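J.: Residue-level listing of the chains:
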Amino acid sequence: MANISFTIKYWKQNGPKDKGHFDTHEMKNIPDDTSFLEMLDILNEELIEAGKEPFVFDHDCREGICGMCSLYINGTPHGKTSRGATTCQLYMRKFKNGDTITVEPWRSAGFPVIKDCMVDRSAFDKIIQAGGYTTIRTGQPQDANAILIPKADADEAMDCASCIGCGACVAACKNGSAMLFVSSKVSQLALLPQGRVEAARRAKSMIAKMDELGFGNCTNTRACEAVCPKCETIANIARLNREFIKAKLAD
Amino acid sequence: MSKTIDSRIPEGPVAEKWTNYKAHQKLVNPKNKRKLDIIVVGTGLAGASAAASLGEMGFHVLNFCIQDSPRRAHSIAAQGGINAAKNYQNDGDSVYRLFYDTVKGGDYRAREANVYRLAEVSNSIIDQCVAQGVPFAREYGGMLANRSFGGAQVSRTFYAKGQTGQQLLLGAYSALSCQVNAGTVKLYTRYEMLDLVIIDGRARGIIARNLVTGQLERFAAHAVVIATGGYGNTYFLSTNAMGCNCSAAIACYRKGAYFANPSYVQIHPTCIPVHGDKQSKLTLMSESLRNDGRIWVPKKLEDAKALQAGTKKGSDIPEEDRDYYLERRYPAFGNLVPRDVASRAAKERCDKGFGVNNTGLAVFLDFSEAIRDFGKDTIAARYGNLFDMYEEITDVSPYNEPMQIFPAIHYTMGGIWVDYELMTSIRGLFAIGECNFSDHGANRLGASALMQGLADGYFVLPYTIQNYLADQITVPRFSTSLPEFDQTEKAVKARIDRLMGIKGKSSVDSIHKELGHIMWEHVGMGRTAEGLKEGIEMIKKLRQKFYTDLFIPQLDGVNTELEKALRLEDFFLMGLLIANDALSRNESCGGHFREEYQTEEGEAKRDDENYFYVGCWEYQGDDEKAPVLYKEPLVYEAIKVQTRNYKS
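Quick mapping for you: the protein sequence lines, in order, are chains L and G. Each residue of the first sequence is one higher than the last, beginning at 184 in our numbering. Each residue of the second sequence is one higher than the last, beginning at 6 in our numbering.
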C-alpha cells in the first residue's frame with residue numbers, strides 16, 4: 184500500500200440548461216486502497232471544510248450491482264479497470280502519483296444532466312416499460328420444473344440478464360445508441376421458452392421506444408461492449424436484429 | 006402501563022390458518038378497485054412486487070423510490086439465493102421443515118403463524134419468478150438447481166449465480182414496468198417520503214421531497230404501504246447501500262406505529278474486513294461461499310502474530326496448524342451454522358488474538374481444498390463473480406490465497422410492528438419486507454430475506470390489504486389541501502429549516518461515522534448493560550453536536566447533504582431505540598448477544614420465562630423522551646421451544 188497525490192478535474196453543471204465547467208482540486212496523500220468513490224467522499228469533505236459546494240454524483244450500493252454510479256473517468260465510462268467493473272469498483276491503485284484525473288458525466292442526448300455528474304436515465308425505464316417483460320399475472324403458474332430449460336440456454340440467458348442498466352454503453356457510443364442495453368433484455372427473454380410468446384412484439388416495441396427517446400443507431404463500433412461493466416457482448420445486438428427482422432417479416 | 010397488542014392471528018391449526026383466512030376474508034370487486042388509491046413507498050423486492058401485484062389486480066398505485074430507477078433498490082445486491090420448500094432435491098424438505106428451520110434459526114422469537122405462511126407461499130414464489138423469465142441456475146437435465154445455506158440440512162436454495170437478488174428484483178421490476186405501461190401504477194423516482202399524513206386515525210397520505218427540485222409534495226391515498234428496508238446504516242459501516250435509511254419507518258414510528266424488536270440486528274460473518282478510516286461501506290461475500298469454503302484461524306498464536314505482521318501468508322500455514330473452529334465446535338452443521346453463531350465464533354477467536362490480518366480482525370475462508378477436489382473451473386463456475394469482486398477490492402486472488410473475512414452489520418430483523426395482515430398499529434398503514442419485524446425472530450437465515458420480501462409483496466399483502474379496503478369503497482379520493490396535509494407539510498418544512506439553520510462546521514458523514522463507532526462498540530456484537538448505558542449517553546451527546554455544529558450547503562434543488570442530514574437525524578433516534586431495546590432484553594438470543602447471559606461454552610443463553618415476547622416501542626411525542634415498551638406475548642402451538650443446537 185502507498186499514498187498518492189494527484190489533481191482532480193471534476194465537472195460542475197447546475198441543471199440541464201447550464202453550460203457547465205470544470206473545477207479542479209489537489210488531492211494529497213490518498214491511500215491507494217481507497218476506492219474511487221471514497222476518494223470523491225474525501226474530496227467532498229475537503230470542499231465542505233473550505234465552505235464550498237460539494238460535487239454531486241450518483242452512487243449507491245458500492246459493490247458494482249445497482250448500476251447507479253456513472254462517471255466518465257479520463258475518457259472512459261467507469262474508468263479503466265482490468266476486467267468489467269463499475270466506477271465504485273475502481274480503486275486508486277490504478278492511478279499514479281502526479282496524475283490529473285478528469286471526471287465527467289455520461290454525455291448523451293438520452294441522459295440529460297440533472298446536476299454535475301448526476302444524469303437522468305429514466306429513458307431506460309421507459310424502454311423496459313415498452314416491453315421488457317413477460318406479461319403474466321401474479322398467482323400460481325405451473326410448477327417451476329414443468330418448464331425444462333437446457334442448462335446452456337439458461338446460462339446464456341443469465342449472462343444477458345446481468346446488465347445493470349448503468350448506461351455506460353450509451354455514454355461510450357459515438358451515436359449515443361442504447362442497442363446493447365435493449366438487446367441484452369431482448370436476448371435474455373428470447374433465449375427462454377417463457378419469453379418466446381411475446382418475442383416479436385417485444386423486439387419491435389422496445390426498438391420503437393428507443394428511437395422515439397432520441398437514442399442513436401448502432402454502427403457496430405463495439406465501443407459499448409469494451410466498456411460494459413458486466414461484459415455484455417454485441418452478439419446480443421445481432422440476436423436483437425434477428426428478432427426484429429423476423430418480427431417485421433411476419434407483419 | 007400496559008396495552009394489549011393484538012396480532013389478529015386467525016383461529017385453527019397453524020397449517021390451516023392462511024387457507025382459512027383467505028377463504029373468509031373480505032374482497033374488493035373489480036369495479037371498486039379502480040376507485041381506490043394505494044401508496045407504496047419503496048421499489049425493492051417487497052415494494053416492487055406489491056405495487057405490480059396491486060396494480061394488476063386493478064387498484065390505482067403510486068410507487069415511490071429515492072433512486073433514479075426502481076431497479077436500483079438494494080435488494081439488487083443480495084447474492085446467494087432464495088429458499089423454498091420445493092423438495093426438488095428429494096432430500097426430505099417440506100413446508101413444515103422450512104417453517105421449523107426458520108423459527109429455530111430465529112432463536113424462537115418469531116411469530117409462528119407468520120412464518121408458517123411464509124413457508125407455505127415460498128413455492129409459489131419460485132413458480133412466479135420462473136414464469137417471469139428469471140434465469141435461475143439449472144442442472145444438465147433442465148431442472149432447477151439448488152444449493153445449501155446456513156441453518157438447514159437440506160438444499161432448498163434457488164440461485165442465479167451470485168446475483169440472485171439482482172435477478173429477482175429485475176423480475177419484480179419487469180412486472181412493475183408492465184403495470185406502469187398498463188397505466189395502473191404511477192412511478193415517482195427520486196422522491197423521498199418524509200412524513201405520513203393521518204386523517205381520523207387512518208393513514209391517508211404522505212409528504213415527499215422531490216430530490217431534484219427540492220420541493221415538498223403531497224400525495225393522498227386510501228392506504229399507505231411502506232417497503233423501505235432496514236436500519237443497518239445506523240452503524241455507518243454496513244453492507245447496506247449508501248442510500249439505505251430508516252427515515253420512512255421512523256416517520257411512521259413518530260406518528261404512532263410501534264417499532265418492534267429493534268435490538269435484533271444481524272451481523273453477517275462473511276464480509277471483507279475493514280481496511281481504513283476512509284472506508285464508506287463494507288462488502289459482503291455471499292454465505293453460499295460457506296458451502297465449499299472452510300473457515301479457520303491458526304492454532305498457534307505465533308502464526309497469528311506472523312500473519313498480523315505480514316511476514317507469513319495464509320498458504321504458509323500447514324494443515325495441521327489450522328484451527329477449523331466452526332467444524333470443531335459445531336460438528337453437525339460445521340461451516341454452515343447460522344450467521345449469528347458464525348459471527349460470534351469469529352469474534353471469539355479474534356478477541357483471543359488469533360486474527361489473521363494487520364488489524365487482527367479477520368479470519369480465513371479457504372477454498373484450497375474445494376479447488377483440489379472439484380477443480381478450479383467448477384469453483385469458478387460457482388463463485389467466479391464473487392472471487393473477481395474480492396480480488397478487485399483487495400488485490401488478492403482467492404484462487405491462490407484464502408479470503409479474509411470478518412463480521413459486519415448486514416440485516417435488521419426488527420422493524421415496524423405488524424399484525425398477521427401486515428398492518429401496523431396505525432390503521433391503513435402497512436409494512437412489508439425487511440421494514441417489518443415478523444418473520445425472522447432474533448436471527449434471519451440466509452436466503453430468507455428474498456423469500457420474505459417477495460412473499461409479502463406478491464402473495465400476502467395483495468390479499469390482506471383487501472380485508473382493510475373492503476369497507477373503504479365508499480370513501481371518495483382525498484384532497485391534498487385538507488388541513489391534515491397543511492399541518493404535516495408545515496412540520497416537515499420546519500424540520501428542514503431547523504437543520505439548514507444550524508450553519509455549523511461538521512459534515513453529515515463525519516458525524517454519522519462517529520455515531521457508527523458508538524453503535525459498533527457499545528451496541529454491536531457483544532453487549533453489556535453498562536456498555537449500553539454508556540452508549541446511550543454518548544449518542545445523546547453526539548446528537549447535541551449534530552444540532553449545533555452541522556453543515557449543510559444553502560442550495561435549492563439537488564442538495565445531497567440535506568438528504569443525508571435528515572436521514573442521520575432519524576438514525577440517532579434509531580440508535581437509541583436499538584440500545585434501549587437491547588438494554589431491556591436481559592437475555593441473549595439470535596443477533597442480540599448480552600455478554601452477561603451466556604453459557605459456559607459461550608453460547609447464547611435465552612430466558613424464555615421472562616422474555617418470550619415481541620418488544621413493541623411506542624414514541625412519546627418527542628425525540629428527547631424515552632419510548633414506552635409494550636409486550637406482545639409469543640404463542641407457540643406447533644413447535645416446541647428448545648435450546649438451539651447445531652452441534653449434533
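Because the hints were derived from the structure by calculation, they are not lab data. One or more of the hints may lead you astray.
Ranges between beta-carbon positions, derived for each pair [as the list claims (entries may be wrong)]:
hint: 1; chain 1: L; residue 1: A421; chain 2: G; residue 2: L306; range: 53 to 61 Å
hint: 2; chain 1: L; residue 1: K357; chain 2: G; residue 2: E144; range: 39 to 47 Å
hint: 3; chain 1: L; residue 1: A292; chain 2: G; residue 2: K36; range: 24 to 32 Å
hint: 4; chain 1: L; residue 1: T190; chain 2: G; residue 2: K546; range: 35 to 43 Å
hint: 5; chain 1: L; residue 1: A292; chain 2: G; residue 2: Q477; range: 39 to 47 Å
hint: 6; chain 1: G; residue 1: S486; chain 2: L; residue 2: R276; range: 52 to 60 Å
hint: 7; chain 1: G; residue 1: Y552; chain 2: L; residue 2: N358; range: 46 to 54 Å
Only pairs whose alpha carbons sit at most 20 Å apart, straight line, appear in this in silico SDA-like list of lysine to any residue [said to hold, decoys possible]:
hint: 8; chain 1: L; residue 1: K192; chain 2: L; residue 2: R290
hint: 9; chain 1: G; residue 1: K8; chain 2: G; residue 2: Y624
hint: 10; chain 1: G; residue 1: K510; chain 2: L; residue 2: G234
hint: 11; chain 1: L; residue 1: K235; chain 2: G; residue 2: P558
hint: 12; chain 1: L; residue 1: K334; chain 2: G; residue 2: R377
hint: 13; chain 1: G; residue 1: K31; chain 2: L; residue 2: G322
hint: 14; chain 1: L; residue 1: K309; chain 2: G; residue 2: K546
hint: 15; chain 1: G; residue 1: K546; chain 2: G; residue 2: Q471
hint: 16; chain 1: G; residue 1: K569; chain 2: L; residue 2: I225
hint: 17; chain 1: L; residue 1: K309; chain 2: G; residue 2: G188
hint: 18; chain 1: L; residue 1: K195; chain 2: G; residue 2: V217
hint: 19; chain 1: L; residue 1: K279; chain 2: G; residue 2: Y101
hint: 20; chain 1: L; residue 1: K263; chain 2: L; residue 2: G234
Since the structure is predicted, the reported quantities are computational estimates derived from the model, not experimental observations. Glycine residues also receive a C-beta, built at the ideal position from the N, C-alpha and C atoms.
J.: Under the constraints set out in the numbered hints, which ones does this structure not fulfil?
T.: The structure conflicts with hints 3, 12, 14, 15, 19 and 20, although it agrees with all the remaining ones.
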